[in-house]
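Visitor: Listed below are the residues making up each chain.
Number of protein chains: 2
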Amino acid sequence: MVKEYIASNKDRFLSELFDWLRIPSVSADSRHKGDVRKAAEFLREKFSQAGVDKVEICETKGHPIVFAEKIVNPALPTVLVYGHYDVQPPDPLNLWTSPPFEPVIKDDKIYARGACDDKGQVYMHVKAFETMMKLNLLPCNVKFMVEGEEEVGSDNLGTFVKENKAKLKADIILISDTALISLEHPSITTGLRGLSYMEVEVTGPNRDLHSGVYGGAVANPVNVLCSMIDALHDENGRITIPGFYDKVAELTAAQRKALNDAPFDLEEYKHELGITEIKGEKGYTTLERTGVRPTLDVNGIWGGYTGEGAKTVLPSKAHAKISMRLVPNQVSTEITELFTKHFQSLAPKYVTVKVMAHHGGEPAVTSTDSPAYQAASRAFEDVFGKTPIPTRDGGSIPIVALFKKELGLDTVLLGFGFDTDAIHSPNEHYGVKNFVMGIETIVSFYKHFVKK
Amino acid sequence: MVKEYIASNKDRFLSELFDWLRIPSVSADSRHKGDVRKAAEFLREKFSQAGVDKVEICETKGHPIVFAEKIVNPALPTVLVYGHYDVQPPDPLNLWTSPPFEPVIKDDKIYARGACDDKGQVYMHVKAFETMMKLNLLPCNVKFMVEGEEEVGSDNLGTFVKENKAKLKADIILISDTALISLEHPSITTGLRGLSYMEVEVTGPNRDLHSGVYGGAVANPVNVLCSMIDALHDENGRITIPGFYDKVAELTAAQRKALNDAPFDLEEYKHELGITEIKGEKGYTTLERTGVRPTLDVNGIWGGYTGEGAKTVLPSKAHAKISMRLVPNQVSTEITELFTKHFQSLAPKYVTVKVMAHHGGEPAVTSTDSPAYQAASRAFEDVFGKTPIPTRDGGSIPIVALFKKELGLDTVLLGFGFDTDAIHSPNEHYGVKNFVMGIETIVSFYKHFVKK
Numbered sequence: 001m002v003k004e005y006i007a008s009n010k011d012r013f014l015s016e017l018f019d020w021l022r023i024p025s026v027s028a029d030s031r032h033k034g035d036v037r038k039a040a041e042f043l044r045e046k047f048s049q050a051g052v053d054k055v056e057i058c059e060t061k062g063h064p065i066v067f068a069e070k071i072v073n074p075a076l077p078t079v080l081v082y083g084h085y086d087v088q089p090p091d092p093l094n095l096w097t098s099p100p101f102e103p104v105i106k107d108d109k110i111y112a113r114g115a116c117d118d119k120g121q122v123y124m125h126v127k128a129f130e131t132m133m134k135l136n137l138l139p140c141n142v143k144f145m146v147e148g149e150e151e152v153g154s155d156n157l158g159t160f161v162k163e164n165k166a167k168l169k170a171d172i173i174l175i176s177d178t179a180l181i182s183l184e185h186p187s188i189t190t191g192l193r194g195l196s197y198m199e200v201e202v203t204g205p206n207r208d209l210h211s212g213v214y215g216g217a218v219a220n221p222v223n224v225l226c227s228m229i230d231a232l233h234d235e236n237g238r239i240t241i242p243g244f245y246d247k248v249a250e251l252t253a254a255q256r257k258a259l260n261d262a263p264f265d266l267e268e269y270k271h272e273l274g275i276t277e278i279k280g281e282k283g284y285t286t287l288e289r290t291g292v293r294p295t296l297d298v299n300g301i302w303g304g305y306t307g308e309g310a311k312t313v314l315p316s317k318a319h320a321k322i323s324m325r326l327v328p329n330q331v332s333t334e335i336t337e338l339f340t341k342h343f344q345s346l347a348p349k350y351v352t353v354k355v356m357a358h359h360g361g362e363p364a365v366t367s368t369d370s371p372a373y374q375a376a377s378r379a380f381e382d383v384f385g386k387t388p389i390p391t392r393d394g395g396s397i398p399i400v401a402l403f404k405k406e407l408g409l410d411t412v413l414l415g416f417g418f419d420t421d422a423i424h425s426p427n428e429h430y431g432v433k434n435f436v437m438g439i440e441t442i443v444s445f446y447k448h449f450v451k452k
Numbered sequence: 001m002v003k004e005y006i007a008s009n010k011d012r013f014l015s016e017l018f019d020w021l022r023i024p025s026v027s028a029d030s031r032h033k034g035d036v037r038k039a040a041e042f043l044r045e046k047f048s049q050a051g052v053d054k055v056e057i058c059e060t061k062g063h064p065i066v067f068a069e070k071i072v073n074p075a076l077p078t079v080l081v082y083g084h085y086d087v088q089p090p091d092p093l094n095l096w097t098s099p100p101f102e103p104v105i106k107d108d109k110i111y112a113r114g115a116c117d118d119k120g121q122v123y124m125h126v127k128a129f130e131t132m133m134k135l136n137l138l139p140c141n142v143k144f145m146v147e148g149e150e151e152v153g154s155d156n157l158g159t160f161v162k163e164n165k166a167k168l169k170a171d172i173i174l175i176s177d178t179a180l181i182s183l184e185h186p187s188i189t190t191g192l193r194g195l196s197y198m199e200v201e202v203t204g205p206n207r208d209l210h211s212g213v214y215g216g217a218v219a220n221p222v223n224v225l226c227s228m229i230d231a232l233h234d235e236n237g238r239i240t241i242p243g244f245y246d247k248v249a250e251l252t253a254a255q256r257k258a259l260n261d262a263p264f265d266l267e268e269y270k271h272e273l274g275i276t277e278i279k280g281e282k283g284y285t286t287l288e289r290t291g292v293r294p295t296l297d298v299n300g301i302w303g304g305y306t307g308e309g310a311k312t313v314l315p316s317k318a319h320a321k322i323s324m325r326l327v328p329n330q331v332s333t334e335i336t337e338l339f340t341k342h343f344q345s346l347a348p349k350y351v352t353v354k355v356m357a358h359h360g361g362e363p364a365v366t367s368t369d370s371p372a373y374q375a376a377s378r379a380f381e382d383v384f385g386k387t388p389i390p391t392r393d394g395g396s397i398p399i400v401a402l403f404k405k406e407l408g409l410d411t412v413l414l415g416f417g418f419d420t421d422a423i424h425s426p427n428e429h430y431g432v433k434n435f436v437m438g439i440e441t442i443v444s445f446y447k448h449f450v451k452k
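Protein sequence lines, in the order shown, are assigned to chains X and Z. FYI, UniProt numbering numbers position 81 of the first sequence as 81, with every residue one higher than the one before it. FYI, UniProt numbering numbers position 217 of the second sequence as 217, with every residue one higher than the one before it.
These are computed hints drawn from the structure, not numbers from a lab. A hint or two may mislead.
Since the list gives no way to pick out one identical chain from another, each pair is judged satisfied if it fits inside one copy or across any two copies.
Keeping only pairs whose Cα atoms sit at most 27 Å apart, straight-line, the calculated BS3-like set for lysine-lysine is [to be verified]:
| no. | residue 1 | residue 2 |
| --- | --- | --- |
| 1 | Lys404 | Lys354 |
| 2 | Lys405 | Lys61 |
| 3 | Lys451 | Lys167 |
| 4 | Lys354 | Lys279 |
| 5 | Lys61 | Lys341 |
| 6 | Lys354 | Lys270 |
| 7 | Lys134 | Lys54 |
| 8 | Lys169 | Lys61 |
| 9 | Lys38 | Lys167 |
| 10 | Lys162 | Lys134 |
| 11 | Lys349 | Lys279 |
| 12 | Lys270 | Lys433 |
| 13 | Lys270 | Lys349 |
| 14 | Lys3 | Lys134 |
| 15 | Lys54 | Lys109 |
| 16 | Lys282 | Lys349 |
| 17 | Lys106 | Lys270 |
From just these sequences and the hints, can you work out the full model?
Guide: Set out below in structure tokens:
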């Protein structure tokens, strides 16, 4: 009956999602401020059409938060669904095979920025809610909080949560912003990495210089920045920041085994990425490197002449964006401070260095024996016919730690994407099957969660 | 009489030069192709007004070459003046205090892209020629060859020279594209560095990846490029490319002494550049590092997300423009090959590396006891009241070596800029005094050169 309703409304569900995907809600780019709000208003509209009691656009210092709720009976449990309607910048645009904000279906996948991260996954909840309302199956209360700043660090969400504890009162958090191993191997993410995102600026001479007249006699800030970045890892792929690993929780042998029992094909992994060799911290597997080990990556670098042709310039400045993924029990504010101190200490006296912090988030681990996790596990069994495998995800959803801290609530990460969905990349996509089975699984979750 | 003519026509000379500077003849940027030609046509016009026998715009595969000549008497010696009318790109635009192509005079300096390099210095020759014609003082034949591709490697000049040896027949080359120590310490450049300009591309995964999902498990091409660039210098500031120094001519103790006798104030140098420490190859002075030692500088680097805000991307590609300044007797084609081999050898197997050569040029040393150099020396004495100091310049004018090889001609580098004129930088400028005294010195050079 649920299956039937979803099947017969699938095309409408998709066309609604497409309308939402056409709104370029890029939170990082101030030129899209208006589009971000449009995306919020679109969502408000869909919530009210789906039958919530109330829905509101809550202003913040940045982009707004959409809050909606349906209270069936105050005595019943309450599920709080979190997601985000903002998306990553689409560049490099030239690598998209179809325009990022003109969604299309190719071999049963939706191609568009935000298709998977996170509009597509949020919209499964909107349509699961509609389904339960239409079929009179909603067994408990539900609240929705969908923000517009997840891709830029959820700067204003903390304040909102602190100031609205009563409004957000619930029994469990449900988030669909993670990935499955595959449709054959459903999985539930039980761990997330934290984040410290930094930007650095290295300044040499007070102006761009002629590299012939000055080259060899004056430190080149690009060369210096490269040396400083190189110094952030040692020959074993470990990060050299003093104290960086102090709080890292090492897994037990059993935990490591469980983690590595997840199906993983290294050859397939390399083939899909077009690489012949992987690289990472010595002594750990790929699943451990992405799941339970902290990392440091340069996300962007620029300096000097980057245009067409050749310019013999010795630049005045060089810049880089550098982010670190954190694991339990690292604390992002502490790591940000350790990075800043260390990077400054790496600066030779012939340059000056500025270090700025963009944003951070805390790592999180969720329990696998909570009733909510068990309900999610059964829901997967209903729809996928298999018990989901608990996995660790390399990404970050800082809200999970925030929820625990501020509301004392656990989270279930009911994600339906694939790691290969190219989120944050050109040609982001999301399987239509994932979308449909996701809706079914969410409906089934409510059933098991409330079942006495 | 010469002084008077120049003084009474100075304002016109400057306003003509300003008209030329307003044409953005940026040879590196294809969008300015038309402007480059406009600048050539402007020059043709000024040559014919100044009284040459003939002037022509010679087509090449790239930007055209302006050739002009005045044959007084085939029995007399011939001076061949070389220069270039193309300019460097003006970016970063936001650092200019006045628009690069709207010349203005501020505290007796002309501010504009090309004011010194090389339109301002070329125009001294045009006006020196006009002066000699008007005052009936031209003592010999003169030819002018002004190209439009010097800032992008003079790709088509070699062919032009090879194919026009008769047309270019002369006794000496005169080039004004270098700098003086100061008006109090006039100097003549007797050595120039060569150049190899490379571009490299490092590719990791076949697409930009989410740095959370893949970070720590897949090599980041930006981090890898930084390590490779860092590996190009050792702890003594020496370049690590095998064979790089094999052909470098070491100076004799006497030559080093002469070179270091040139007035140089390190504190003033650092102060003017806004740095507290210099950096360079161990065991050499600043004048040696810029004058007689080869160098390697990153001229530009880019990769990943460089826009506003934060994007947690593990980029697919990273790029850099890297140039090397060469000294006698290094050969740019050989160095280009050594760099390519070495850079490829530095590539770890988890990335692929592409190395492309932009352009190169050979180093050159000019004699100080030729009659032409002596004539130049006397000309400086006439106008500056001091014997010029022979110096080595860090820049490159590949044409000097080319002329020697193809036409068997020596060059006199009669340059009137300052190292601090910010050529290739924002706020390039050229002293009005330098411009005026330059014209006087050029006129005086002809007198001494032809004097029996």
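Visitor: Which hint numbers does the structure go against, in order from smallest to largest?
Guide: Numbers 1, 5, 10 and 15, in rising order.
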